[in-house]
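There are 2 protein chains.
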Amino acid sequence: MKPRRICIVGTGLIGGSFAIKLRQKGIASRIIGVDNNVEHQRQALDLKIVDEIMDLDDAVKHSDLIAVTTPVDTMIDLMPSLLDQIDRQVVMDMGSTKGRLVEAISKHPKRGRFVATHPMWGTEHSGPGAAVDQGAFKNKSAVICNAFESDADAISLVKWVYKRIGMRLLEIEALEHDLHVAYVSHISHITSFALANTVLEKEKEEKTIFDLASGGFESTVRLAKSTSTMWVPIFAQNRDNILDVLNEHITQLRKFKSCLEKENYGYLIELIENANRIRKILK
Amino acid sequence: MKPRRICIVGTGLIGGSFAIKLRQKGIASRIIGVDNNVEHQRQALDLKIVDEIMDLDDAVKHSDLIAVTTPVDTMIDLMPSLLDQIDRQVVMDMGSTKGRLVEAISKHPKRGRFVATHPMWGTEHSGPGAAVDQGAFKNKSAVICNAFESDADAISLVKWVYKRIGMRLLEIEALEHDLHVAYVSHISHITSFALANTVLEKEKEEKTIFDLASGGFESTVRLAKSTSTMWVPIFAQNRDNILDVLNEHITQLRKFKSCLEKENYGYLIELIENANRIRKILK
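Going line by line, the protein sequences match chains H and L. In terms of the numbering used here, the first sequence is residues 647 to 929. In terms of the numbering used here, the second sequence is residues 647 to 929.
I should point out that these hints are in silico values taken from the structure, not numbers from a laboratory. Mixed in with the good hints there might be a few duds.
Any copy will do: because identical chains look the same in the list, a pair fits if it lies in one copy or spans two.
With a Cα cut of at most 27 Å, we get these calculated DSS-like pairs of lysine-lysine [to be verified]: (1) LYS805 / LYS848; (2) LYS848 / LYS694; (3) LYS707 / LYS908; (4) LYS853 / LYS756; (5) LYS926 / LYS850; (6) LYS707 / LYS753; (7) LYS784 / LYS756; (8) LYS784 / LYS707; (9) LYS809 / LYS903; (10) LYS671 / LYS903; (11) LYS903 / LYS753; (12) LYS853 / LYS648; (13) LYS648 / LYS671; (14) LYS929 / LYS848.
None of the values given here were measured: they were computed from a predicted structure.
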């Protein structure tokens, strides 16, 4: 396929990294940035992540593909009116929840032009300055939800883009997506935020945390650097699934607590060996 | 200082990686491996991690420095009789708990020859095959506990070794060490084991975990690959501190749960912004 004029709505970590890849892989002939944060607009231009900044209305007119990477609450507010404005363009989102979004536009006359996606990649950083080339998207799954509601040419374009940036394609129904990501993504953020709060509560000496933190601690707590702007809307939209897995997680932690309290090290070994099964699933 | 004959007791991840660094930095003239696992003995020789394998008694006689990197329960069984056998050699341990160990040998006539240490580095892998050069130990803290109980020359030697492999030195009293590592290391392992068990319980489709796992999930769950052989003795020895921090962690998780149940997103933002303070502590 030939290069396209692509508009990135939200020039932060995901939108910015996506823009870098689009340019690098020759997918975009021109990249237009849309962002309501003036500082992010400036950074996105300075870092040459986008070619120009436009208002959303103008950007839509001048683009073939519009990728929306805003927080998921903004996406629901934005998407119906965005679809109102398009003609034959393709619109995709790259958000972490899908159920509410596809529901919000399910009856829209331009629903076919929209492709619901979730690339399973990100870091704990945010803003255009966090956008990276190295390691972004590659070899991770790009989930496409409710493909049956999208026009065939729109799906083809989005799949072509994701394949070109090295992603593995996966199709899942939107509500099923939300269930699974509660397990393999959203709960990790909650545990990481809670772990940071635990350590900040117990360890009043910040210097001691800095001095003693090993790679293991940094690894389990790094997601706690993620912003509330991005994550509170995700938690709100996927509330029921997350509550379900969070309850299970507290139950699992209580088992460890009970083992320690009762000095039941035989069962503690069992719990750890069960957890070790994750080895064969993740590399 | 001149290179030494160094004995590594336990040729796994820590002992093996330490041996690789000792050789690379010209710290050791000869490296003797001691391991009660015959397969590990063979691997340590095949991978040229050690020059030869000996029984502990022989190895002690032929070494200037003995580094013990076994699980922490073995260490307590082993250390008194090991100290019985030494003359002017220096013995160091590299374990994750310190209180019980220094207590177990506090009255030993050779206590001065022993240096209690904890290098704040490791990975989730184990055995000689997991030993690595890249990134091992460097720029992490090497904690020395109860230095006042060790002979000056023994402390000097151990500090010289840790400095040569790029570590930052830190002196902490043993019980204080155990308290702090419960916060910044041991709890991370418990949360990671429990998170793996949560996901394995909720997500019966292992392929879905594999397909959807992002870097974030892998990061929070990777410590769950750690072995029970290494970690159950650590949890047992540091039980009271870990129970204390685990209770706090469950309390913190309940706050997230309550926010979601009550849809109190204002407080959820506060919890996340508090967790974000970890940003300025960790890089």
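Structure-inconsistent hints, enumerated in ascending order: Numbers 1, 2, 3, 4, 7, 8, 9, 10, 11, 12 - these are the hints that the structure violates, sorted from lowest upward.
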